[in-house]
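Guided by the hints, dock chain B onto chain A, whose structure is given.
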Amino acid sequence: MTAIIDMNDFSITYAGERGPVPAVRGVNLTLEKGRILGLVGESGSGKSSLVSAMLALLPKSAKVSGRLSIGADDLYALSEAQRRAMRGQRLATVSQDPFTALNPVIRIGAQLVEFQHRLKGISRSQKLERAREMLARVGISDPGTRLTQYPHQLSGGLRQRVAIAAALLVNPSILIADEPTTALDATTEAEVIEIIRELRGAVDGSIVFVTHDMGVVARLCDDVAVMYAGELVESGPVAEVLERPQHPYTRALLACDPARIETPSRSLPTIPGTVPSPHALPAGCIFSPRCGAVIDICRSVRPAFLPSDQSRVACHRTEAS
Amino acid sequence: MIPLLEVNDLVVRYPAGSLFGALKGEPRKVTVLAGVSLKLNQGETLGLVGESGSGKTTLGRAIGGMTPMSSGSITLAGVGATGRKDGFWKEMRRNVGFMFQDPMAALDPRMLLSASITEPLAVTGTGRAERRRLSVDLLREVGLSPDFAARYPHQISGGQARRVTVARALALRPRLVIADEPTAGLDLSVQGELLNLLNTIQADSGVSFLFITHNLAVARHVTDRIAVMYLGRIVETARTADIFARPAHPYTRALLSTHSTDTSAGLLKGEVPSLRRRPGGCEFHTRCPIAADRCRSEAPNERAVATDHLVRCHFPLVPASEATEQAPLNHQPVVRSLA
Numbered sequence: 001m002t003a004i005i006d007m008n009d010f011s012i013t014y015a016g017e018r019g020p021v022p023a024v025r026g027v028n029l030t031l032e033k034g035r036i037l038g039l040v041g042e043s044g045s046g047k048s049s050l051v052s053a054m055l056a057l058l059p060k061s062a063k064v065s066g067r068l069s070i071g072a073d074d075l076y077a078l079s080e081a082q083r084r085a086m087r088g089q090r091l092a093t094v095s096q097d098p099f100t101a102l103n104p105v106i107r108i109g110a111q112l113v114e115f116q117h118r119l120k121g122i123s124r125s126q127k128l129e130r131a132r133e134m135l136a137r138v139g140i141s142d143p144g145t146r147l148t149q150y151p152h153q154l155s156g157g158l159r160q161r162v163a164i165a166a167a168l169l170v171n172p173s174i175l176i177a178d179e180p181t182t183a184l185d186a187t188t189e190a191e192v193i194e195i196i197r198e199l200r201g202a203v204d205g206s207i208v209f210v211t212h213d214m215g216v217v218a219r220l221c222d223d224v225a226v227m228y229a230g231e232l233v234e235s236g237p238v239a240e241v242l243e244r245p246q247h248p249y250t251r252a253l254l255a256c257d258p259a260r261i262e263t264p265s266r267s268l269p270t271i272p273g274t275v276p277s278p279h280a281l282p283a284g285c286i287f288s289p290r291c292g293a294v295i296d297i298c299r300s301v302r303p304a305f306l307p308s309d310q311s312r313v314a315c316h317r318t319e320a321s
Numbered sequence: 322m323i324p325l326l327e328v329n330d331l332v333v334r335y336p337a338g339s340l341f342g343a344l345k346g347e348p349r350k351v352t353v354l355a356g357v358s359l360k361l362n363q364g365e366t367l368g369l370v371g372e373s374g375s376g377k378t379t380l381g382r383a384i385g386g387m388t389p390m391s392s393g394s395i396t397l398a399g400v401g402a403t404g405r406k407d408g409f410w411k412e413m414r415r416n417v418g419f420m421f422q423d424p425m426a427a428l429d430p431r432m433l434l435s436a437s438i439t440e441p442l443a444v445t446g447t448g449r450a451e452r453r454r455l456s457v458d459l460l461r462e463v464g465l466s467p468d469f470a471a472r473y474p475h476q477i478s479g480g481q482a483r484r485v486t487v488a489r490a491l492a493l494r495p496r497l498v499i500a501d502e503p504t505a506g507l508d509l510s511v512q513g514e515l516l517n518l519l520n521t522i523q524a525d526s527g528v529s530f531l532f533i534t535h536n537l538a539v540a541r542h543v544t545d546r547i548a549v550m551y552l553g554r555i556v557e558t559a560r561t562a563d564i565f566a567r568p569a570h571p572y573t574r575a576l577l578s579t580h581s582t583d584t585s586a587g588l589l590k591g592e593v594p595s596l597r598r599r600p601g602g603c604e605f606h607t608r609c610p611i612a613a614d615r616c617r618s619e620a621p622n623e624r625a626v627a628t629d630h631l632v633r634c635h636f637p638l639v640p641a642s643e644a645t646e647q648a649p650l651n652h653q654p655v656v657r658s659l660a
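Those protein sequence lines, which keep their order, are chains A and B. The opening position of the first sequence corresponds to residue 1 in the numbering used here, with each subsequent residue numbered one higher. The opening position of the second sequence corresponds to residue 322 in the numbering used here, with each subsequent residue numbered one higher.
Just chain A, same shape as in the assembly (with noise of 0.2 Å):
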């Protein structure tokens, strides 16, 4: 197996008005090809930063430090025009809107032959052609009329199902997707799930996807990786975290789902606490403070993530058991 993505003690730290704000810390994290990741966590957990930073997308007043490669390269050790040309050939993004992610003044048949404009030795009418086959491969009918439709005349659904089309034009090697289906209904949603896990084949690579839904980790994902706070908590294959998840943190967040609790119940568990802020942390481990099995060493020494039966974990609680 080829990893696609490579972390090792990868951080972005952006410089703010009170101080530098640490966004994310020492992340260690594989993706092989052909695998779908679920990136998991909550507002504040750095999944976004850690987004930005696969797509060098990072604004200039964020410092990486730690090593993130994308196949063989170093990307963060490239100069900025090769990262840029990975941008528009390896690296493909759906996102999370899709009432703006297309321009609205544009039919979408020349959208989706610009987002071509890398693609070398093929002729614009050969773009267009490819443009028509990928709509009908995302499940468009009638693709040829679309070409000729504004992003107006599409619904959320047809829009995202685009935007999912423009960014397979481009035959990434990596396709993020950032929480596509939040502005999307259930039934919307259930259809570009299923429509991404027909195309997976068509990415020669992997596909990153953000979500805070875990019933749609375990229906698409292969892989998933917990985030809090900034940090990487939990890795492993799907099926292992989600049926004995062994952070604390990933158990508190599954106990939470109302989706996986079965006696319908007025009482919803929560975790009690406040996800810390970035320029105050805690000592030792990132979520001692509102952790229920919490030891002494947790609040003094910060855990490693180590391998732990099928999956990585950052506990001290594991590493003793």
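Don't read these hints as lab results, they were simulated from the structure. Nothing here was measured: the structure is a model prediction, and the numbers come from that model. Hints may be right or wrong, so weigh each one.
[As the list claims (entries may be wrong)] Derived Cβ-Cβ restraints for the label pairs, each shown as a range: (1) B:Leu-344 x A:Gly-201: 47 to 57 Å; (2) B:Leu-344 x A:Gln-153: 14 to 24 Å; (3) B:Ser-526 x A:Gly-273: 53 to 63 Å; (4) A:Gly-273 x B:Ala-471: 23 to 33 Å; (5) B:Ala-450 x A:Ser-95: 22 to 32 Å.
[Said to hold, decoys possible] Away from chain B, derived, C-beta distances all over 12 Å, residues of chain A: (6) Ala-3; (7) Ala-77; (8) Arg-90; (9) Val-105; (10) Lys-127; (11) Leu-147; (12) Leu-254; (13) Ile-297.
All C-beta atoms in this analysis are idealised placements derived from N, C-alpha and C, irrespective of residue type, glycine included.
Then chain B, alone, in the frame of chain A:
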């Protein structure tokens, strides 16, 4: 028992379309709610579920008198309204609290939270000092410390903003709170806290909730009954447990299957039809997996398939012997009133 809220054959139409369209024979009005009837008891939570464009929000707004109704009637706590008669609405609105969809947009960025929370009290002529005192009480009720009274919306988090809108909804001590997607966009752990808060408030005060959501997983835990909406009609109403255990309408079944890992029940194909070009017959037939000829020509009446379980379908998914066609209650069949 007299229900707290009774909505009868409520129709809401908006003017729409162009003169050019009218010349081509297109309707000049779009029917957003096509004859909705529902009942809600004191202390009960009714979940209103459906996709975007199904009319959930419009129904909530119409009940609060924020969207003028075209026909039908609304009765709340014994006070009825049939049109735009202001006297009725003024009396009714005292009994209704609102939680709007986007809490940040619902709070005036230049108003202190204490002023926002107690703004509904302006109608009762409550003095300024009294209002400030009440705002602290309300904040405490929703689990926020009194110093939030002197803050502005940009100084609080999304979860806290939700709590503030709960406090404002309670300011008039209403008997009904209409909560429009109260947990949309919240993290799972915060969502649980807010739902628990709403449940505690209901247990303490006996307030009723009209809970508008598209999240069935949440609705399963916090509602007593569920009404499923499609294209401005209620297609199925039942006790929450029955909706999940024995969904009778094919649309309800499709909605439920989107949340399970088992998608064998089949995903819905196609798009929601446009409100301006409503399909004939049963309006769901264009996407229905079991549609037959009858569905394309004849609109189904509401019928009872079990106690408190109403469905608008020719072929409800329950044993046929149990299904008995029910005569329309006290109004004409909806289809005819639209013609």
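Here is how each hint holds up against the structure:
no. : hint                              : verdict
1   : B:Leu-344 x A:Gly-201: 47 to 57 Å : 50 Å, holds
2   : B:Leu-344 x A:Gln-153: 14 to 24 Å : 22 Å, holds
3   : B:Ser-526 x A:Gly-273: 53 to 63 Å : 28 Å, violated
4   : A:Gly-273 x B:Ala-471: 23 to 33 Å : 24 Å, holds
5   : B:Ala-450 x A:Ser-95: 22 to 32 Å  : 49 Å, violated
6   : Ala-3                             : 28 Å, holds
7   : Ala-77                            : 35 Å, holds
8   : Arg-90                            : 32 Å, holds
9   : Val-105                           : 21 Å, holds
10  : Lys-127                           : 28 Å, holds
11  : Leu-147                           : 18 Å, holds
12  : Leu-254                           : 9 Å, violated
13  : Ile-297                           : 25 Å, holds
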